[in-house]
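Asker: Model the placement of chain B on the given structure of chain A, informed by the hints.
Sequence order for the protein chains is A and B. This note's numbering numbers the first residue of the first sequence as 14 and each following residue consecutively. This note's numbering numbers the first residue of the second sequence as 47 and each following residue consecutively.
None of these hints come from the bench; they were simulated from the model.
SDA-like mimics (lysine to any residue), calculated; alpha carbons at most 25 Å apart, straight line:
1) 21(A) / 58(A)
2) 22(A) / 108(B)
3) 380(B) / 49(A)
4) 504(B) / 158(B)
Nothing here was measured: the structure is a model prediction, and the numbers come from that model.
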Amino acid sequence: MKLTSPEKKWIQSIFESFAPPSTITEEGELAPAPGEVDYADDFAVLNRHATPVAKLGLRAAVVMIATSPVWTGRGLKSVNGLSREERTELLGELSAHSNAAVRELTWLLKVQTGMALLGVDDIRRRSRYDKERDSGTPIKLRIKKKSESAK
Amino acid sequence: MIGPWRKKIQDERAEVVIVGTGAGGATAARVLAEKGIDVLMLEEGPRLHTKNRPRDIIGALSSAMRGAGTQTTAGLAPMPLMQGSCVGGSTAINSGIIWRLPEDVREDWIKNHGLAPLLERSEMDRIYETIEDELEVETTGDDVLGGNAAMMRRASDLMGLPGKSMERNAGRCEGSSQCLQGCPNERRRSMDVSFVPTAQRFGARLQTLRRVDRLWIERGKVVGVLGSVMDPETRKPEARFRVRAEHVVVSAGVVHTPGILLRSGMRGMVGRRFQAHPGAAIVGQFPEPVRMTFGATQGYEVPLRHLGYKLESLSLPPELLAARLPGVGKEWQKRMGMMDHYAQWCAQVRMQAKGRIYSGPGGAPIAVYEPTSDDLRKAQEAMVLLMRMMFRAGATEVYPGITGLPEVLTSEAMLDEHAHRKWKRGAIHLVASHLFGTAVAGHDPKQSVVDPTLTSHKYRNLSVMDASVFPTNLGVNPQHSINAIVWRAAELLADVRKRSKAA
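Next up, chain A with everything else stripped away, as it sits in the complex (with noise of 0.2 Å):
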């Protein structure tokens, strides 16, 4: 099933708040730049090959945190009413939540987050993940098998 288009406005914004995107960031901080990561897509994508319980519980996990302003005394407002700060404040709330399920689907958007996140190129070379390969620093590579080089 398709995501709708409001299911797909809650999904940029929740997504952003776990990991706010800046023009300025703090010496060593990874934050996206605005409009870096498309995660509607993919979300979209891995939505498509999960099996039927896994996608109802991604879509069960926007939902719930999508309308948690209501149950945690926020107001009648979607998280799209908060503002960034709020929403992020919100998320690590959820996260430390006393019921497991909220813990658990909350945890299962941040899992999403991060592979979006870290899916982006340039944002996986500002992560310092492959500094040693970026750095052009010789690795030392076996290429033959032990067997051979002890001939």
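Answerer: Just chain B now, with coordinates in the frame of chain A:
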């Protein structure tokens, strides 16, 4: 699960049809084809050529793993069941860790399950040596160990643990750290780049995107298989096919082999005795760079079978590592800004729990599995040891990922405060990649599905050749045991076919 029957039926014939191309199916095909038998391999997933395999994790999961890695057990605390779904099966996504069948397991299977015809020691040794040669099995060299495994070795040495570099089927490993996405240099000799092409060279045929739905049974005899042709994009059924064969070998893996048998009306022990080595991972941050980007994806291990678990280094791609780092917003982003400073190690627990595969709506298999309290005790013990090792190796922060514990531990003393409290089942995020049972082998038809030659008790021209036939779990990585046992069973099957042809 059973797709809509549309369009024309595609008909095929073969002497032996093999369902699945993982460690079991590919080995059976390789042995039978070499013996001159007309073999047709059927694979539900696609053939992923190395150059075309996606390197990003969403693409890699979607293309190579069943349900894009989202297949889980049923229940309130679902456990992911990681299985490949492409040519090569799970060998195309694993780290190629090689262990021979432990001697205590071999003796147990002979004594208590009557598997002597399959496990004669000199035959097994001959087969192991052949496989190890063909799959280029070697000990991981120091030059490709990488920082993650080297850090684990440091901890193991400091604590006097029996750690060692892993044996892997990647003798010419270049340390690309991309086993999950498919080795970019084909150094890991997974089935898609080893036994499947070897079988094809011996004349075997391969058809991909063919999902077998059930056995084709006529007048109480298996005459072939019936299934669906899958659309390469949507992976949904677009047509149907049937293959008429003199002998059927089912090697669809521990979850889907019983699924096929159950949909074909087989009952008794089918789906029962489902076992696993569930595990969980710990991440630690180190002051010096660790660099998971380089080295064998898994290179070092601490086998503690006598305690019921095994510890392994496991490098993660950054997309998956990110979710293991605590915090949201700035806190998370700061941790993600130093991705080269993390190590991840995992524990594989030899659990005693026995679950079951049921046939669910539409015939889709449903896995039910719950660890026992003793299994959870072992998992807790293993994970506490992993965290202790992290601190001894110099970690400044350790992330347990366990509900009820702080998100960040900063010292061994802090760990000790929480180590003695009993963790609840849902607190640990268990993942199972080693699966066993569900169509077990044995001499007693009431207690097993196949006999000691892996031939069905019910249908004599049906065999099961994958880890489904294992009567127990192993306590070590299963690929090599699957390869070797199936190799021997396929040799025995080839002898039977030769005799029946001569008659």
